[in-house]
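S.K.: Let the hints inform the model, and build the full structure from the sequences given.
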Amino acid sequence: MSLLVPAAEHLPDALASESTLRRFLHGLPGVDQVGAEARAATLATRSIKRESKRWALDMAVRMTDLTTLEGADTPGKVRALSAKAVRPDPSDPTCPSVAAVCVYGDLAGEAAAVVAGSGVHVAAVATAFPSGRASLAVKLADTRDAVAAGADEIDMVIDRGAFLCGRYGEVLEEIVQVKQACGPAHLKVILETGELATLDNARRAAWLAMAGGADFVKTSTGKVTPAATLPVTLVLLEAVRDFAALTGRAVGVKAAGGIRSAKDAIRYLVMVNEVAGERWLTPEAFRFGASTLLNDLLLQRAKQRTGAYAGPDYFTID
Amino acid sequence: MPVFDYAPAPESRDIVALRPGYGLFVDGAFTEPADGGTFKTVNPATEEVLAEVAEAGPADVDRAVAAARRAFDGVWGRMRPAERAKYLFRIARVLQERAREFAVLESLDNGKPIRESRDVDVPLAAAHFFYYAGWADKLRWAGFGGDPRPLGVAGQVIPWNFPLLMAAWKLAPALAAGNTCVLKPAETTPLSALLLAEVLQQVDLPPGVVNIVTGAGGTGRALVAHGGLDKVAFTGSTEVGKQIQRTLAGTRTKLTLELGGKAANIVFDDAPLDQAVEGIVNGIFFNQGHVCCAGSRLLVQESVAEPLLERLKQRLATLRLGDPLDKNTDIGAVNSAAQLERITELAASGDAEGAVRWQPECPLPDRGWWFPPTLFTGVSQSHRIAREEIFGPVLSVLTFRTPDEAVVKANNTPYGLSAGVWSEKGSRILWTAQRLRAGVVWANTFNRFDPASPFGGYKESGFGREGGRHGLEAYLDA
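First to last, the sequence lines map onto chains A and B.
The numbering used here puts the first residue of the first sequence at 1, with every later residue one more than the last.
The numbering used here puts the first residue of the second sequence at 1001, with every later residue one more than the last.
Keep in mind that the hints were calculated from the coordinates and are not lab data.
Take the hints with a grain of salt, since some may be wrong.
What the hints assert, rightly or not - Computed list of lysine-lysine pairs in BS3-like fashion (alpha-carbon distance at most 30 Å, straight line):
{"id": "1", "chain 1": "A", "residue 1": "Lys77", "chain 2": "A", "residue 2": "Lys303"}
{"id": "2", "chain 1": "A", "residue 1": "Lys49", "chain 2": "B", "residue 2": "Lys1313"}
{"id": "3", "chain 1": "A", "residue 1": "Lys303", "chain 2": "B", "residue 2": "Lys1327"}
Since the model is a prediction, treat every value here as computed from it, not as a measurement.
M.R.: Here it is, written out as structure tokens:
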């Protein structure tokens, strides 16, 4: 294996060959699932009130990748969602924009046209999302297409089939090549932890992605159950923390799928704060991949501001 | 200033209706002590006096034991077991219904964080009553003969670290087996036991079945030495346990003791490191380290000591010390000035004997009794902090090279209450657990309790088991 791997200078032994890579990944400290779940459950009992809640709600809005990934998506739907990404709450000028709009690659141009100049990023899923079952050539073409259409963030999926039968080098090579195809665009690597099944696998896949040059590791496509969970996000946060300690590079984490309430989002922020640390408490280092979450965040923001809950019809459905 | 600063989220104390004074709970009613003595119980987080509590003298203890004897002979010892079970189920249910009230009161009087009193102490106390309620009419199948009989009157002396939970550990099996009880809570934490007395009234437990005599060491001595008891159960220090054993030597009174500990938490190089860090934190900083089975000695394999300690220190820096009623507090107040003095003195001996102290940046409140989470590295087996029970948030870190050395060091203590083993390799866990002389061995976890699981010590950590089927033996003529 003679790849130009971005983390090669920090992990020279691990990346020397297929067998050293396997030894490295299997030599990472194990994850005790019961313990990880207990830690996540304890962190979820934190009680976030008043000014800290207001801060957290705003931060969660700023961290949201507002997402639509349906076969029925149309240019109109994507334009509407992009407008909402820029101005989530038209009744409140203090409401920040979200981090990005996340769409299929062929619609990236529609999104880019709407968000241009707003600071909102355009994220496109690529590499035969969500299954990843296509040839490398197709995946790379998919990636280049999306970047050419205006995406500045690419959400790729790893080849879970290759990962599960132990062909780690192949998974790594694909990530490295997609990263090159991204050019200046940021790369989020979707591990699809629901298909990897164990937390040990989630940790190994996160290290593979980081070694391959990922700017973010992302839990899920949202098309598989379970999607993001607190324990799996805990493991990814530990991985990025440890990788930063080794290399100095802070890789981000994106929790995607299944996060629907502001309360849940705040639990994730508490975990980011206490497991990875403050360095990850920015939209550059932590994201939520979600569609319905945003309206609950807006509802809770308005409640904090006015002291009363507004009905759901006061927030736009796009 | 932290980026994400958690605003105070205090649990309201209004749910607790504190009375200015509490009497002794004898024969189903709150009564004044014969000589009118009282003592104050204090909130250790603020030093504010919470209430005046009656101090029981020998005459009061005598009255309580007599009431328990009458209740045993007249009602409880002859009651159909299924009826006894109904009372215990009712106690358990009321504990659940009034859980918030108990949690707040426990945190006020003891200083422990509300997260622990709410999520551990009170639910486990209710679980113990539920569990033993189920045994009351099934004693024939407990493995102690076809017709096991209750002993009679039990005198029970409990400590201040888990006031309500220890009361539940003592009362539930005793009552299920058909005994009556005289319970003496610790003098710094009597209030939750007295609230439990109100619950016993609420469920119409017959008078005299449970009597609660409050007071300090003198009250405890009067109870233990009373002579009218069939059984004494004590949880507390090894020193007092030995005194009790001397007092009862040669008498017909049965005895079980649950005493101190200096548990080893053994981390092998193939351990799940992040979860081991959590287990270490939970092992020694749970309840400010006021835990007899606390994992106060960390034995870590040398090849993994450095990364483990680095992670551990990072983790300790995130612990939140402060107001016990704040739902985000991890470390509460030390229970008393005397205990704080003992912790401070032992920690100083660690410095003097050459161990290296490390504490995270951790501002302490101005009032109340506090000790920051502390770890000592470079500890050797001969240091006092490796041998004596500190009963505070102080962790001694030792290293080992081979599994044999780990076991030898872990067992090289006069105590033997609990131990922890961390490894991803099942065979190594079993090999180690078989060789550890400790009553409880946790694998890849620590400080996990369940009413179905027996708990108790080897060597100077005491004898007898509490919890599970085994816990019934101490209260039956088995």
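S.K.: Hint by hint, say whether it matches the structure.
M.R.: Comparing the hints with the structure gives:
Straight-line distance between C-alpha atoms of lysine 77(A) and lysine 303(A) comes to about 28 Å, which keeps the hinted pair within the 30 Å bound. Note on lysine 49(A) and lysine 1313(B): the hinted pairing holds, with a Cα-Cα distance of about 28 Å set against a maximum of 30 Å. Between lysine 303(A) and lysine 1327(B) the CA atoms are separated by roughly 22 Å; this keeps the pair inside 30 Å, and the hint holds.
This entry satisfies every hint, going by the numbered hints stated previously.
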